[in-house]
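Undergrad: Spelled out, the chains give:
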Amino acid sequence: MPHELQLLTEQEAAEDAVLQHLHVRLAAAAADTGVLDVAYTVVGTPVGELLLAATPAGLVRVSFACEDHDAVLAVLAERISPRILKAPDRLQQAAAQIDEYFAGARRSFDLPLDLRLTAGFRRSVVENLRNIGYGSTATYSAVAALAGSPGAVRAVGTACALNPLPVVVPCHRVVRSDGSTGGYRGGPAAKRLLLNLEAAA
Amino acid sequence: MEVKPFETIVREHGPAVLRVCRAVLGPQDAEDAWSETFLAALRAYPALAPGANIQAWLVTIAKHKAIDVHRAAGRRPVPLGELPEPSGRSGHQTGGPGNPGPGGTENFNPLWAALKTLPQRQREALAYHHLAGLSYAEVAVLLGGTEAACRRSAADGMKKLRSLNLEESR
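Just so you know, the protein sequences line up as chains A and B, in that order.
Under the numbering used here, think of the first position of the first sequence as 5, with each following residue one higher.
Under the numbering used here, think of the first position of the second sequence as -5, with each following residue one higher.
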């Protein structure tokens, strides 16, 4: 490589390192001064890259790659706050528990959750999903009965489809009464993988 | 129009703001000014008018932060003869990904060194127009004075830089 070109790439690499270091510093300062409304990170899992986002109150959104992370962040900017930074520090615990879960070493999540993205009946469904134990499943109609509206089977389907915290709040454990898996935010293959993982453990 | 997540703003404008801070303040103070700029911008971001020129907004904040840094450092003479070694950064930068390590670009950068020899006003006019892409009208608002005067300052600065470069390459 000609000397000038090599100098240029070295300069760019150094520039990237400086900007990366400045970004980390900014995220820390923003969290310290209370102006980091949403922190996020991306973790690799067997169901693809998961985006994890948290407010100071807790984990607020888990999203699959097929949902388009940029689009998810845009919605978070609109619905919560545009003060969003990639700041893995706030998500260390969540990321570690996700890792353990996919390794078969964790059966329930112990994390503060921020359920502000779901409200009303959907929220009560989401809250009830946490009672379906690891490795077991429930039908949409059973969940409807649990949530206090036995007739609202379709609404339960919608609530599961819009669960802001898939994997952590186990909407994948809700299946059709004929035994087929049914729809899933992360796609049917992801749902099957999660059910198989839990069945094997 | 939807409001972009601030992360996008940092990625899109972080490099340009860093270049501007370096040109105005030199490499040592630039990182502090950059951090202060983006922290202040993050705080104010939700109230920013939709459709605002984000680059110009950030550069304006950076300009104010640069003034703060100057004040904090007291009145400095315009450095002529002796050029400071831009080695202050290497301390907290060890082992970063892609870091070429000691002897890489942590060394003396001729552009920054040359910029240091310019009067503050020329340096700023140059940085805001050529590095940040602001129009001379916007530069005039930032620096005070007329558009024509800012244009002249930038041109004078550029001329001086060219003459320095010529000398060096001989």
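Hints were generated in silico from the structure; no laboratory data involved.
Positions of the beta carbon are idealized from the N, C-alpha and C atoms, including for glycine.
Possibly wrong hints are sitting among the right ones.
[Said to hold, decoys possible] Label-pair ranges, simulated between beta-carbon atoms:
(1) A:Gly52 / B:Gly127: 48 to 56 Å
(2) A:Ala75 / B:Pro44: 36 to 44 Å
(3) A:Gln15 / B:Ala66: 48 to 56 Å
(4) B:Ala66 / A:Thr37: 12 to 20 Å
(5) A:Asp36 / B:Pro113: 33 to 41 Å
(6) B:Ala34 / A:Gln10: 51 to 59 Å
(7) A:Cys70 / B:Pro9: 25 to 33 Å
(8) B:Val135 / A:Thr37: 54 to 62 Å
(9) A:Gln15 / B:Pro113: 34 to 42 Å
(10) A:Gly52 / B:Ala66: 45 to 53 Å
(11) A:Gln24 / B:Asn47: 33 to 41 Å
(12) A:Gly152 / B:Glu(-4): 30 to 38 Å
(13) A:Ala204 / B:His58: 53 to 61 Å
(14) A:Ala123 / B:Pro40: 29 to 37 Å
[Unchecked claim] Which stretches of chain A does chain B cover? Using the computed rule of at least three CB atoms under 8 Å from a CB of chain B, they are:
(15) 14 to 26
(16) 72 to 81
(17) 85 to 94
(18) 134 to 148
[To be verified] Reference listing, derived: stretches of chain B covered by chain A, where coverage requires no fewer than 3 residues with Cβ under 8 Å from a Cβ of chain A:
(19) 5 to 16
(20) 122 to 134
(21) 147 to 155
Undergrad: Please go over all the hints and tell whether each is borne out by the structure.
TA: Structure-based check of all given hints:
no. : hint                             : in the structure
1   : A:Gly52 / B:Gly127: 48 to 56 Å   : 38 Å, violated
2   : A:Ala75 / B:Pro44: 36 to 44 Å    : 19 Å, violated
3   : A:Gln15 / B:Ala66: 48 to 56 Å    : 28 Å, violated
4   : B:Ala66 / A:Thr37: 12 to 20 Å    : 19 Å, holds
5   : A:Asp36 / B:Pro113: 33 to 41 Å   : 37 Å, holds
6   : B:Ala34 / A:Gln10: 51 to 59 Å    : 37 Å, violated
7   : A:Cys70 / B:Pro9: 25 to 33 Å     : 31 Å, holds
8   : B:Val135 / A:Thr37: 54 to 62 Å   : 29 Å, violated
9   : A:Gln15 / B:Pro113: 34 to 42 Å   : 26 Å, violated
10  : A:Gly52 / B:Ala66: 45 to 53 Å    : 48 Å, holds
11  : A:Gln24 / B:Asn47: 33 to 41 Å    : 26 Å, violated
12  : A:Gly152 / B:Glu(-4): 30 to 38 Å : 36 Å, holds
13  : A:Ala204 / B:His58: 53 to 61 Å   : 59 Å, holds
14  : A:Ala123 / B:Pro40: 29 to 37 Å   : 22 Å, violated
15  : 14 to 26                         : holds (count 12)
16  : 72 to 81                         : holds (count 4)
17  : 85 to 94                         : holds (count 6)
18  : 134 to 148                       : violated (count 0)
19  : 5 to 16                          : holds (count 3)
20  : 122 to 134                       : violated (count 0)
21  : 147 to 155                       : violated (count 0)
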